[in-house]
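Using the sequences and the accompanying hints, generate a full structural model.
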Amino acid sequence: MKIAVCVSHVPDTETKVKIGSDGKTIDTSGVNYILNPYDEFAVEEALKIREKDGGEVVAVSLGEDANKETLRKALAMGIDKAVLLKDEHERDSYAVAKGIAEYLKSYEPDLIFVGKQSIDYDNLQVGGLIAEFLGLPSVSVAVKLEYADGKLKAEREIEGAHEHVEVTLPCVVAAQRGLNEPRYPSLKGIMQAKKKPIEEIEAAQAESRVKVLGMKKPPEKQPGKIVGEGVDAVPELVRLLREEAKVI
Amino acid sequence: MAKFQGVDYFDLDDVLEDDEILVRNTVREFVEDKVIPIIEKHNRESTFPKELIPIIGELGLIGSTLPEKYGCAGMNNVAYGLVMQELERGDSGIRSFASVQGALVMYPIYTFGTEEQREHWLPKLASGEKIGCFGLTEPDYGSNPSGMKTRAEKKGDRYILNGAKMWITNGTIADVAVVWAKLDGEIRGFLVEKGTKGFSAPEMKGKHSLRASVTSELVLEDCEIPEENLLPESGGLKSPLMCLNQARYGIAWGVLGAAMACYHTALDYSQTRIQFDKPIGSFQLIQEKLTHMVTEITKGQLLCWKLGRMKDAGTLKHTQVSMAKRNNCYHALEIARMSREILGANGILDEYPVMRHAANLESVKTYEGTHEIHTLIIGQDVTGIAAFT
Ligand SMILES: Cc1cc2nc3c(=O)[nH]c(=O)nc-3n(C[C@H](O)[C@H](O)[C@H](O)COP(=O)(O)OP(=O)(O)OC[C@H]3O[C@@H](n4cnc5c(N)ncnc54)[C@H](O)[C@@H]3O)c2cc1C
Ligand SMILES: Cc1cc2nc3c(=O)[nH]c(=O)nc-3n(C[C@H](O)[C@H](O)[C@H](O)COP(=O)(O)OP(=O)(O)OC[C@H]3O[C@@H](n4cnc5c(N)ncnc54)[C@H](O)[C@@H]3O)c2cc1C
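Keeping their order, the protein sequence lines are chains B and E. All residue numbers for the first sequence refer to our numbering, where the first residue is 1 and numbers rise by one. All residue numbers for the second sequence refer to our numbering, where the first residue is 1001 and numbers rise by one.
The set of hints was computed from the structure by calculation and includes no laboratory data. Heads up, a few of these hints could be off.
Each computed DMTMM-like pair below joins lysine to aspartate or glutamate, with the alpha-carbon atoms no more than 20 Å apart [said to hold, decoys possible]:
#, chain 1, residue 1, chain 2, residue 2
1, B, K81, E, D1018
2, E, K1205, E, E1362
3, B, K196, E, E1017
4, B, K144, B, D53
5, E, K1149, E, E1221
6, B, K68, E, E1068
7, B, K2, B, E146
8, B, K194, E, E1221
9, B, K188, E, E1362
10, E, K1069, E, E1129
11, B, K195, E, E1221
12, E, K1003, B, D120
Okay, the calculated beta carbon distance ranges per label pair [claimed, not checked]:
#, chain 1, residue 1, chain 2, residue 2, range
13, E, E1228, B, T13, 28 to 34 Å
14, B, M215, E, K1306, 54 to 60 Å
15, B, Y107, E, T1291, 53 to 59 Å
16, E, K1003, B, K2, 35 to 41 Å
17, B, K2, E, F1010, 54 to 60 Å
18, B, K196, E, E1119, 50 to 56 Å
Over 12 Å on every C-beta distance to chain B, these chain E residues come out as not near it, computed from the model [stated by the list, open to error]:
#, residue
19, L1012
20, N1025
21, I1055
22, S1064
23, E1068
24, A1126
25, I1274
26, M1310
27, E1351
28, T1383
Just so you know, even glycine gets a beta-carbon here, dropped at the ideal spot from N, CA and C.
And the structure:
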């Protein structure tokens, strides 16, 4: 079994995001980067399948040199090899997926994992687009997987329920929180990762289809108001919710 | 409270390798997820969180500088130091467990042991399957272990051990004790296994410090061990002191973690606690404390970082380790106390980690050579005059 896991290099969840001077990108100075949390579930699931059924897992990341840090973490968790698809320029989800799909055509994986979304721009598109470019079935928001006899059974999270689906390989699976509990990279894993190669390939060219015009922060939150205490305050609270906040 | 993101006022990340940073961040995450949520309960009940041992082993946090061939990670000393720092950010007891097992049990087996002893013990100790302890201190001999009373006597193909050790970390839960005893007047190291006749390790109770760590007595009454349990390359006081030097190195880093936890808590508290209509962080007296804390943490980090690079290069002097141990323990305790002050009455509650760290650091300042003993070690080094007696 050949498994590919697409990983992205994203600002830490604790980052206080500042908009860059061009008004269209985020200011990256002083920002800590991490392996996208949803991709961690993807990495873990790929490793679990490899541990059970054997094979090879490759991690693929499209972007700058800095993405190597994220690839190293994936290697330290136990991934066999890593590929950096190099491109210094900003890409939209379409162009990212296109670049990755072009590489995967040559790698020919049986199973492709992505995280449900990348927590930087939250487009939730890459998995579906890769599947489309490769003409493969895709399963999004997967919270449970079972692989046997060339078929993959998955549970997907849908509003208020789980949907059970089945697909044939090759296919694309987008991992959702709950799929597993990602392992910590062990110190031995980190040492071994130093010896594993990161292959660098120029990413296939692709035009972005979506142009970012600008970014704006939401308006500052207004301070809360204490209307009163106890039962006596309820009518006033209801009035304010109806007339001022207009939420009921 | 804001998530702990380390203290790095002097951009030390800049001089760390990527894999060192990854090691640190991994252990930080482990401590955040698995240690901090359970530690106050263990501290209250005075129990060691044994449930963490398998995962500490799996992560490779025990004896991580020893070779891969024995199931260890083969990391450099800076990465090892960062592991100690992050573990002690959780609790000094957790760091003590890893320190003792790695630096005081695995290190002497690796350094003074036979290949057979290494192959038998090191992989199991590294994985946490077996636990070890280090018995040097005695009821009447703490700072001057050279006077120890514990004796070994050769009888046929066996050694007979008699004596008592005290203050031994992990003692009661240990599968193997590295016991230091005099054989024909010379200090040697012996491996005493749990369950050996004449050997017991009762736990010491009533500690106000390091409550989430097991501390024990070791009692040896005509305790017979096979002759192959001698660590053959050990000889003289120098041998246990070499072990202590390893552990002191880890402590110098470790206490920075405790200090960071306290500073982080106090800084956060100072920004949200309102008195006299202002956050207390806006008062000069509070700012002076915070400034002092972050400065001392930064100085301690610089000491440790250089210490680690020298250790890797093999140029480290034991007096330099003494300086870092002495300085960093002193200031970590001072920082813990200052944080306690900044938190006012809240500082005494176990809802916050500061009082636990402050209490723990009292032990850490004492074990592995007290503050005074390290003062004398450096004093002797700079003046050329020993002032111990
Ligand atoms: C929680 C805990 C865990 C421990 N774990 C271990 C362990 O795993 N293995 C182990 O072998 N030991 C362990 N120890 C023991 C520790 O190493 C000793 O407590 C330490 O060496 C000091 O010895 P002591 O307590 O007998 O104090 P003492 O040596 O009696 O010292 C008392 C005081 O006198 C001072 N003093 C002593 N001599 C001089 C001098 N010449 N000049 C000036 N001042 C002096 C000391 O600095 C100290 O302030 C542990 C201790 C604690 C508290
Ligand atoms: C065990 C215990 C028993 C107690 N018993 C009683 C009791 O019986 N009755 C009772 O009424 N109270 C009692 N107290 C409360 C005690 O008096 C308060 O804790 C104390 O007054 C400090 O208040 P605080 O804890 O709210 O700290 P805070 O006032 O929030 O102070 C926090 C920190 O900010 C500093 N600070 C505050 N203002 C300034 C400023 N302007 N400039 C510089 N620094 C400043 C303080 O010195 C402190 O370091 C008790 C407290 C404890 C711990």
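Going down the list of hints, with the structure as the test:
1. B/K81 with E/D1018: holds (18 Å)
2. E/K1205 with E/E1362: Holds: E/K1205 and E/E1362 sit about 17 Å apart, inside 20 Å.
3. B/K196 with E/E1017: holds (16 Å)
4. B/K144 with B/D53: holds (17 Å)
5. E/K1149 with E/E1221: holds (13 Å)
6. B/K68 with E/E1068: The given pair, whose Cα atoms are some 25 Å apart, is violated under the 20 Å limit.
7. B/K2 with B/E146: Holds: B/K2 and B/E146 sit about 16 Å apart, inside 20 Å.
8. B/K194 with E/E1221: violated (50 Å)
9. B/K188 with E/E1362: violated (33 Å)
10. E/K1069 with E/E1129: holds (17 Å)
11. B/K195 with E/E1221: The given pair, whose Cα atoms are some 51 Å apart, is violated under the 20 Å limit.
12. E/K1003 with B/D120: holds (19 Å)
13. E/E1228 with B/T13: 28 to 34 Å: violated (54 Å)
14. B/M215 with E/K1306: 54 to 60 Å: violated (43 Å)
15. B/Y107 with E/T1291: 53 to 59 Å: Since the Cβ atoms of B/Y107 and E/T1291 sit about 54 Å apart, the hinted range of 53 to 59 Å holds.
16. E/K1003 with B/K2: 35 to 41 Å: holds (37 Å)
17. B/K2 with E/F1010: 54 to 60 Å: violated (45 Å)
18. B/K196 with E/E1119: 50 to 56 Å: Given a distance of about 28 Å, which is not inside 50 to 56 Å, the answer is violated.
19. L1012: Answer for E/L1012: holds, closest chain B Cβ roughly 14 Å.
20. N1025: Violated: least Cβ distance 8 Å, not greater than 12 Å.
21. I1055: Given a closest Cβ separation of 8 Å, the condition is violated.
22. S1064: Violated, since 5 Å does not exceed 12 Å.
23. E1068: Since the minimum Cβ distance to chain B is about 7 Å, E/E1068 lies within 12 Å and the statement is violated.
24. A1126: violated (10 Å)
25. I1274: holds (14 Å)
26. M1310: holds (21 Å)
27. E1351: About 22 Å separates E/E1351 from the closest Cβ of chain B, which puts it past 12 Å; holds.
28. T1383: Per Cβ check, E/T1383 is outside 12 Å of chain B; nearest 41 Å; holds.
The structure fails to meet hints 6, 8, 9, 11, 13, 14, 17, 18, 20, 21, 22, 23 and 24 from the earlier list, while all remaining hints are met.
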